[in-house]
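Just so you know, the protein sequences line up as chains L and H, in that order.
By this note's numbering, the letter at position 174 of the first sequence is numbered 174, and the numbering carries on one by one without gaps.
Each number in this note's numbering comes from the position in the second sequence (counting from 1) with 327 added on.
It should be emphasised that the hints constitute simulated quantities derived from the structure, not laboratory data.
Some hints could be false.
Which chain H residues face chain L? A few, computed with CB under 10 Å, are given here [claimed, not checked]:
| id | residue |
| --- | --- |
| 1 | R341 |
| 2 | L346 |
| 3 | L439 |
| 4 | V515 |
| 5 | V516 |
| 6 | P528 |
| 7 | V529 |
| 8 | E530 |
Cross-link-like lysine-lysine pairs, in silico, BS3-like; alpha carbons within 27 Å at most [what the hints assert, rightly or not]:
| id | chain 1 | residue 1 | chain 2 | residue 2 |
| --- | --- | --- | --- | --- |
| 9 | L | K144 | H | K426 |
| 10 | H | K429 | L | K122 |
| 11 | H | K429 | L | K129 |
| 12 | L | K144 | H | K592 |
For each residue, glycine too, the CB sits at the ideal point set by N, CA and C.
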Amino acid sequence: MSYEGFRLTGMPDVNEILVSAADLRKSYGDHEAVRGVDFEIRRGEAFGFLGANGAGKSTTMRMIGCVSQPSAGTLEVFGRDPRTQGAEIRARLGVVPQDNTLDGMLTVFENLVVYAGYFGIKRRAAREKAAELLDFVQLTARSKDQVNELSGGMQRRLAIARSLINDPELVILDEPTTGLDPQARHLVWERLFQLKHRGVSILLTTHYMDEAEQLCDRLVVMDEGRIIASGSPRELIDTHVTKEVVELRFGTAHTAELAALADTLDGVGAQIEPLPDKILVYTDDADDTNAALEIRDIHPTSVLARRATLEDVFLRLTGRALVEDEA
Amino acid sequence: MSVIAYSAARATLRSSGALLNRNWIAMRRAWILVISGAVESLLFLFAFGFGVGALVGDITLPDGTTVSYTAYVAPAILANAAMMAVLAETSINVFAKFKWMKVYDGILNTPLRPWDIALGEVWWALIRGFTYIAAFVVVMGLFGLLDSWWSLLAIPACVFIALAFAGIGLTLATLFRDWPDFDWMNAVVFAMFLFGGTFTPVEAYPAFAQPIVYIMPLYHGIELVRGISLGQLGPMMLVHIAYLMALCVGGMWIAQRRLARALYK
Numbered sequence: 001m002s003y004e005g006f007r008l009t010g011m012p013d014v015n016e017i018l019v020s021a022a023d024l025r026k027s028y029g030d031h032e033a034v035r036g037v038d039f040e041i042r043r044g045e046a047f048g049f050l051g052a053n054g055a056g057k058s059t060t061m062r063m064i065g066c067v068s069q070p071s072a073g074t075l076e077v078f079g080r081d082p083r084t085q086g087a088e089i090r091a092r093l094g095v096v097p098q099d100n101t102l103d104g105m106l107t108v109f110e111n112l113v114v115y116a117g118y119f120g121i122k123r124r125a126a127r128e129k130a131a132e133l134l135d136f137v138q139l140t141a142r143s144k145d146q147v148n149e150l151s152g153g154m155q156r157r158l159a160i161a162r163s164l165i166n167d168p169e170l171v172i173l174d175e176p177t178t179g180l181d182p183q184a185r186h187l188v189w190e191r192l193f194q195l196k197h198r199g200v201s202i203l204l205t206t207h208y209m210d211e212a213e214q215l216c217d218r219l220v221v222m223d224e225g226r227i228i229a230s231g232s233p234r235e236l237i238d239t240h241v242t243k244e245v246v247e248l249r250f251g252t253a254h255t256a257e258l259a260a261l262a263d264t265l266d267g268v269g270a271q272i273e274p275l276p277d278k279i280l281v282y283t284d285d286a287d288d289t290n291a292a293l294e295i296r297d298i299h300p301t302s303v304l305a306r307r308a309t310l311e312d313v314f315l316r317l318t319g320r321a322l323v324e325d326e327a
Numbered sequence: 328m329s330v331i332a333y334s335a336a337r338a339t340l341r342s343s344g345a346l347l348n349r350n351w352i353a354m355r356r357a358w359i360l361v362i363s364g365a366v367e368s369l370l371f372l373f374a375f376g377f378g379v380g381a382l383v384g385d386i387t388l389p390d391g392t393t394v395s396y397t398a399y400v401a402p403a404i405l406a407n408a409a410m411m412a413v414l415a416e417t418s419i420n421v422f423a424k425f426k427w428m429k430v431y432d433g434i435l436n437t438p439l440r441p442w443d444i445a446l447g448e449v450w451w452a453l454i455r456g457f458t459y460i461a462a463f464v465v466v467m468g469l470f471g472l473l474d475s476w477w478s479l480l481a482i483p484a485c486v487f488i489a490l491a492f493a494g495i496g497l498t499l500a501t502l503f504r505d506w507p508d509f510d511w512m513n514a515v516v517f518a519m520f521l522f523g524g525t526f527t528p529v530e531a532y533p534a535f536a537q538p539i540v541y542i543m544p545l546y547h548g549i550e551l552v553r554g555i556s557l558g559q560l561g562p563m564m565l566v567h568i569a570y571l572m573a574l575c576v577g578g579m580w581i582a583q584r585r586l587a588r589a590l591y592k
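All chains, full assembly: derive it from the sequences and hints.
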């Protein structure tokens with residue numbers, strides 16, 4: 001009899017690895033959605049998967065959530081194998097799917113109580129927990145309403161409350177604020193901050209760089225089924241892009257014209273990136289760049305200097321914008 | 328080993344019970360639908376049993392005994408009611424929850440497995456079916472169509488019918504692609520109702536048609552319930568029960584396989 005593996009509760013071990021993947025792959029027929037990814041998620045951290053639509057983020061989440069079988073490679077969640085111990089792992093996870101998957105035949109309160117039942121939580125405890133969580137996501141006033149009567153932001157908050165019903169060790173959120181208006185997004189972020197503050201381990205996917213920057217301690221950037229960079233938001237920016245970015249616009253000049261213009265800018269910054277509607281100049285000092293433009297007698301219609309973001313990291317790494325013409 | 332088996336059985340019972348609880352809570356607001364289903368089969372009993380029965384009078388069975396036509400038809404209508412109640416619950420309602428309302432997609436992220444979902448839906452269909460059956464048997468009794476207390480065994484007999492069609496309905500729910508597929512199901516169900524031995528003994532059909540009737544699940548259900556209601560027990564009863572149970576288990580197995588394949592992409 002060995003006592004290894006037993007741990008006192010209430011003493012989170014920050015080095016404990018909750019999820020680890022090595023050369024993890026997933027194929028659907030000929031299409032390889034995830035093409036060999038490696039990562040480790042530790043207890044207590046907020047870990048993000050940043051990438052454009054179709055990068056393989058959601059597929060990876062589904063594999064971690066034990067609702068999709070890996071095609072190849074190894075994956076361990078809580079030290080267990082999702083292939084054979086899916087139900088045990090799911091009992092310790094909280095999942096907020098992209099489309100909420102709330103039960104449209106039940107009220108807000110019933111959604112939580114019924115869901116608690118799926119985890120074997122007794123009725124009385126379930127009702128107490130449901131009331132507490134509705135309070136947490138500020139939906140107590142709507143507890144008797146049908147789910148369909150809620151706004152998109154409220155439905156998402158209810159899905160978050162539902163994911164917490166079993167006091168999960170890891171909460172997985174797939175695109176938690178996609179499709180929400182700015183105010184609703186901030187409410188969701190604020191609740192996720194609260195969770196983080198309470199020491200809940202969070203795993204999220206997003207294609208919003210501001211979301212990743214604000215919420216994630218560590219993240220990986222995914223593109224076409226592969227991880228192309230990883231680190232903290234600050235590390236990623238420091239490693240892959242310059243401190244500042246100058247955005248230049250030239251009236252109505254578009255793709256081809258801008259590409260031609262970009263050739264004349266060689267040397268005004270560390271790197272020049274022509275986009276369909278503007279040119280980005282990566283530079284360590286925006287003032288130097290502005291001076292260089294002045295000297296060459298180049299006069300854009302607008303010049304905007306800003307600090308570099310994860311969006312720029314993504315652009316540098318993939319040559320594509322993260323959110324393409326979403327509005 | 329038995330400890331493991333016991334705890335696994337307990338977990339399965341608890342998990343499928345959680346789904347039962349979900350259906351109960353969702354249905355509480357829609358009891359009118361349940362009542363309308365029961366009324367429908369009672370109308371059948373009145374129309375065929377008393378309307379047609381009054382014209383036909385008594386009939387002589389293949390073994391020579393004579394019974395009133397109403398007493399002959401009533402058990403078949405009861406078997407039909409059990410089939411319809413359970414089939415509606417499993418096929419149409421499960422299809423709606425599965426493909427339309429995406430209820431199982433939400434359940435997917437919990438410890439429940441497809442097998443628990445299938446089992447939970449069968450429990451639920453049985454409960455709904457049982458309420459119809461019990462109401463029906465009470466009415467049969469009130470109209471003097473039950474010959475003895477033994478006739479109460481018609482209720483457990485109907486449970487076998489309910490189990491068989493719960494399995495069939497679940498499989499259909501996972502096979503169907505869209506609502507028009509239900510028209511095919513209804514056509515087959517109606518054919519079974521008309522030709523599965525409801526109104527005439529199978530022996531009255533031409534020889535080539537008889538094997539087709541023997542395949543029909545409803546035929547075995549009708550024979551089982553009728554045999555018990557008329558007090559004519561025999562070894563064939565065990566064949567009927569075995570056939571119905573095989574459909575139940577086979578149907579559930581296919582359904583949970585298909586649920587797993589559709590949900591665990």
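Here's how the hints hold up against the structure:
1. R341: Hint holds; R341 (chain H) Cβ to chain L Cβ min 5 Å, cut 10 Å.
2. L346: Constraint on L346 (chain H) satisfied, holds at 8 Å.
3. L439: With a closest approach of 5 Å, the L439 (chain H) hint holds.
4. V515: At 28 Å from the nearest chain L Cβ, V515 (chain H) fails the 10 Å test, so the hint is violated.
5. V516: Status violated, d = 25 Å.
6. P528: violated (44 Å)
7. V529: violated (42 Å)
8. E530: At 47 Å from the nearest chain L Cβ, E530 (chain H) fails the 10 Å test, so the hint is violated.
9. L:K144 x H:K426: holds (26 Å)
10. H:K429 x L:K122: holds (25 Å)
11. H:K429 x L:K129: holds (25 Å)
12. L:K144 x H:K592: violated (34 Å)
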